[in-house]
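Chain order of the listed sequences is A and B. For the first sequence, the residue numbers in our numbering are 53 to 641. For the second sequence, the residue numbers in our numbering are -5 to 445.
Just so you know, the hints here were simulated from the structure itself, not pulled from any lab data. It cannot be assumed that every hint is accurate.
[What the hints assert, rightly or not] According to the in silico footprint, chain B covers these stretches of chain A (three or more CB under 8 Å from chain B): (1) 87 to 95; (2) 272 to 279; (3) 284 to 292; (4) 526 to 537.
[What the hints assert, rightly or not] Quick list of in silico lysine-lysine cross-link-like pairs, DSS-like style, CA-CA up to 27 Å: (5) A:210 <-> B:316; (6) A:177 <-> A:439; (7) A:58 <-> B:84; (8) A:316 <-> B:242; (9) B:326 <-> B:296; (10) B:-4 <-> A:59; (11) A:316 <-> A:439; (12) A:110 <-> A:475; (13) A:439 <-> A:59; (14) A:259 <-> A:58; (15) A:259 <-> A:475; (16) B:242 <-> B:316.
The structure displayed is predicted, hence computed values, not measured ones. Using N, Cα and C, we set each Cβ at its ideal position, and we do this for glycine too.
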Amino acid sequence: MARQEKKKDVVIVGLGWTGSIAGIELAREGLEIVALERGRDQNTVPEFKYPNQIDELKYGVRLENMQKPAQQTVTVRRNGDETALPYRHLGSFLPGNGVGGAGTHWNGLFWRPQAEEMRLRSYVKENWGEGIIPEGMNLGDYPVSYEEMEPYFAHFEKVAGISGQAGNVNGEIREGGNPFEAPRSTEYPMPPMARTYDSAKFHDACKAAGYHPFQAPAGIASTSYVNPYGMQMGPCNYCGFCERYGCYQYSKSSPQTTILDALKRMPNFEYRTHSEVLKVELAADGKTATGVTYWDEAAQEEVFQPADMVILSSYQLNNVHLMLVSGLAAPYDPATGEGVLGKNYAYQMTGGVSLYYRDANFNPFVGTGANGVCIDDFSVNQNDFGKLGFIGGAYWRSGTFNGQPIRSMSLPPGTPSWGAGWKEGIGEWYGHAMSIGAHGSHMSYANNHLDLDPTYRDRHGRPLMRMTFNWQDNDLRMIQYMKTQMEPLAATMQADITKSSFKDIGAQYDVRPYQTTHNTGGHIMSENAREGVVNKYCQSWGQHNVFVMGAGNFVQNTQYNPTGLVGGLAYHTVDAIRTQYLSNPRPLV
Amino acid sequence: MKTFLKIIAGLVVLGVLALLAFLFVPVQRSAPTETLAADWTPEPGRGEYVMRAGDCAACHTAEGGKPLAGGRAIESPMGTIWATNITPDKDTGIGTWSLDDFRAALVDGLTPDGEHLYPAMPYENYRFMSEQDIRALYDYLMTEVPAVRSDVEETRLDFPFNLRFGIRAWNWVALRGGIGFEPTAGDDLQARGQYLVEGPGHCAACHSPRNSFMAQAGTHAGEAGFLTGGVVGDWAAPALHGPESALKDWSVTELAAYLATGRNAHSAANGEMGLVIKDSTQYLSDQDNIAMAAFLKGLDGKVSDVPQSLSVALPQVLPPAKADDAGAETAKMLTEANPEMPLGARLYLDNCSACHFVTGKGAPGIFPELAGNTLVTSDQKTPLISVILHGASVPSTRERPEALVMQGYGERLDDSEVAALASFLRQAWGNAAPAVSEADVAAVRSAAPAH
């Protein structure tokens, strides 16, 4: 028999970016709120303090800030003919753990999607006809437009404290910004970050080639900053310990630096850590949720937390898993196309070029996770899909993240990977390499999906979630196109040695090396209940008092890092809850 | 001879009578400064506001304890004084006190039995409070604060301080003039600030030095020692005006913002002042924080930059300041980063410069200035050493809710390194204070952290 807690107006599952946003905005409405967080509490001091946190072996390699596979993981297969096996050692993607979630260990790259990406199917149809959409691609429109989202993007940029240079303010193109971005109503709240030598080199090469370079928009403070909640960030020192680490300097945008202390002051908000939600409980008719059951690690018992409203704001994989084990919607069946939950799992397609200069010294220990100069000249709205033979695009970026010695040791091809030759290579090349990356879109496909594994179970006895995922020709063609464009540009930069790494047509997904933690889809937004799990307000089609946050809402992945869209959608959702739902709880669409 | 003996005998008799009177004739309570109608009621919220302005909770709420239920230990040179329960509980609190009893405690330092309170209770300052504020505070404590049954440890000081009647004599020395407040400051705003600073705010309790009787050397503007800097335990409470003023480079707005939020472009509050901001000044209106700031700055002359309010448009972008002339040489040395630089400077680069910058200017609102910072250059070396060893924290406040924590470096630096670093800070950017020794650091490290 589960212990039962006092009923709340709202229970929030997962206290990362979107849980914090929902928490503060709904707490301001006077609602009684409890947030349940699986992991530990985390603060700048002591959890992220200097120099303990910048321990590459502990956090960069052994991933001490991340979810442990023993805690929760997925099984992975590349197609329906393979048997999925558990992801027992984190590699390709790194789900976070603890208060602040992935918002504590991200790199800080902050983008809005292009307007065309929010209505990609219509954009394709209008320009080339639906005939160019490959068989098996679930290309869709988001049920909310860029124009509707714009105020929420603008607000989230202010909350999150973004440094950057606007390129298009209300249609007016600004020199030094990204001319291909959708119109924005405001400048970035902080001036852009400073430029490192490698990104300056890339900038000059892009200018010479007639491209349009701009400083990467960064969730990293370029100056002292106070956000609309009165929360503060301090100027970054470019130490480079962003991704996989919590920031010791109050410089990286995170729930800790932008929301949580303001939220914790509110008497109608409480949060419980080491509390892992196991199931969303439904009313007898299945039309509403009655609360959640969670595992109280300290008491070693199950607890039922009743609530009038349930907000699922854990990581995308965990949200989908929780919805599957709770039966919140019909699971997606790729054979029939029926069902919605687990549909349209997508990822990110990346590639790049490394350049080695004997005589250039890049001081790679000066950097940030969102460092660099970018171009959007090969982005979604710049590509002629009909002519190029793929749907999608990529932004390019050059700028050192960090000079961490274990993992950031780029060596030219032919250097031995161990022994004396390797040591010699490091002596010769450390600090002499730079790179250009292409960060590309990833479409959704009938065969890439999430469901429950028939064999493996988690520590609570629930089936693990199974990921069926492989690279598809459309996205591989996209990245191959980037190769054909990037190599000539790199050649103009006259490095001593150049190395390309782009996936070839036919490449198979390898879950071992780190790629990106941009897992998307699975509880996608849709115009109707037949096609997706939530409506335009991220409200569950099946249970109107369940709202689901995060990148699981993405119809297909954009070419950009997801946080800007994730936060924008969260503000869009809480605004709908505040202005439309609370006074009259019902399906909003 | 007979006459002489008679005189002596007379004097002895008088002396004995005086002693008996001193011991047994009840001390007179001060009469209220204003006669309020029996049905006078304060406007809603005023009593709680006075409680905040008077920072009652600082002493009367124990850490983690129920509000105003007492039990906090106040360390004094005479021994530990335990703050009492001032909730309206009839047995263990002040539930049976009349308004006159309450006023006597506040302004005369007397219990209802006529016993003297130790002057840890700042009746030296509260005696300036208006009758309306006293009445509002009394009503609040009696009717709005929940009664808490809480037997607080009794204060037991050693001889001779256990003889409370001695305080009667102390009061003759310490208390100058009657109760009530007469402003001397220039305008209404500054007069309001003066009232808050001198009366409920009891700023002089820390920021005025103590005279040889341990009384505040100045409780009122114009008195020599008023707010010229005091010592609280091992911590310095800096001078708030005059040539040594910690506020020299602060504007009225910056000072008021510091009171309201615990941080401004120059500094961040920690230690005792952090508690004052956490429990008291963050709850005051902008107008009152501005008034106090205007009064304090007015002690050094005319003030011209008084803001209407403290609200600023958010978000706010605040670029870090460049090095000033005094700091240029240090900034240059640190920027060049010559490995031969002195140990203290190298330790600064490795541990401190990321936040406080090579300029020593920090970053406005978040990372304090070290150049010209009185905590860095104080004669009291303990706070600086303690902050390096144990870190410091700025309380979460209503307008600036982030609890900013500076980590300690005690695990990372040994005593000689902390001494080298602290000495560097005390002499960098134009700071000119004597060095810190390894022994100074060892002493602070072996003591329990104060905050």
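Outcome of the hint check:
1. 87 to 95: Contact hint for the segment 87 to 95 of chain A vs chain B: violated, 1 residues under 8 Å.
2. 272 to 279: Held - the segment 272 to 279 of chain A has 5 residues with a Cβ nearer than 8 Å to chain B, which meets the minimum of three.
3. 284 to 292: Since 6 is at least three, the answer is holds.
4. 526 to 537: violated (count 0)
5. A:210 <-> B:316: Between residue 210 of chain A and residue 316 of chain B the Cα gap is close to 26 Å, so the pair holds against 27 Å.
6. A:177 <-> A:439: 14 Å, holds
7. A:58 <-> B:84: It is violated: about 33 Å lies between the C-alpha atoms, which goes past 27 Å.
8. A:316 <-> B:242: Violated, at roughly 35 Å.
9. B:326 <-> B:296: This hinted pair is violated, its Cα atoms lying about 37 Å apart.
10. B:-4 <-> A:59: Given that 27 Å is the threshold and the Cα spacing comes to 92 Å, the pair is violated.
11. A:316 <-> A:439: 54 Å, violated
12. A:110 <-> A:475: 22 Å, holds
13. A:439 <-> A:59: 58 Å, violated
14. A:259 <-> A:58: 62 Å, violated
15. A:259 <-> A:475: 37 Å, violated
16. B:242 <-> B:316: Within the cut-off at roughly 19 Å; holds.
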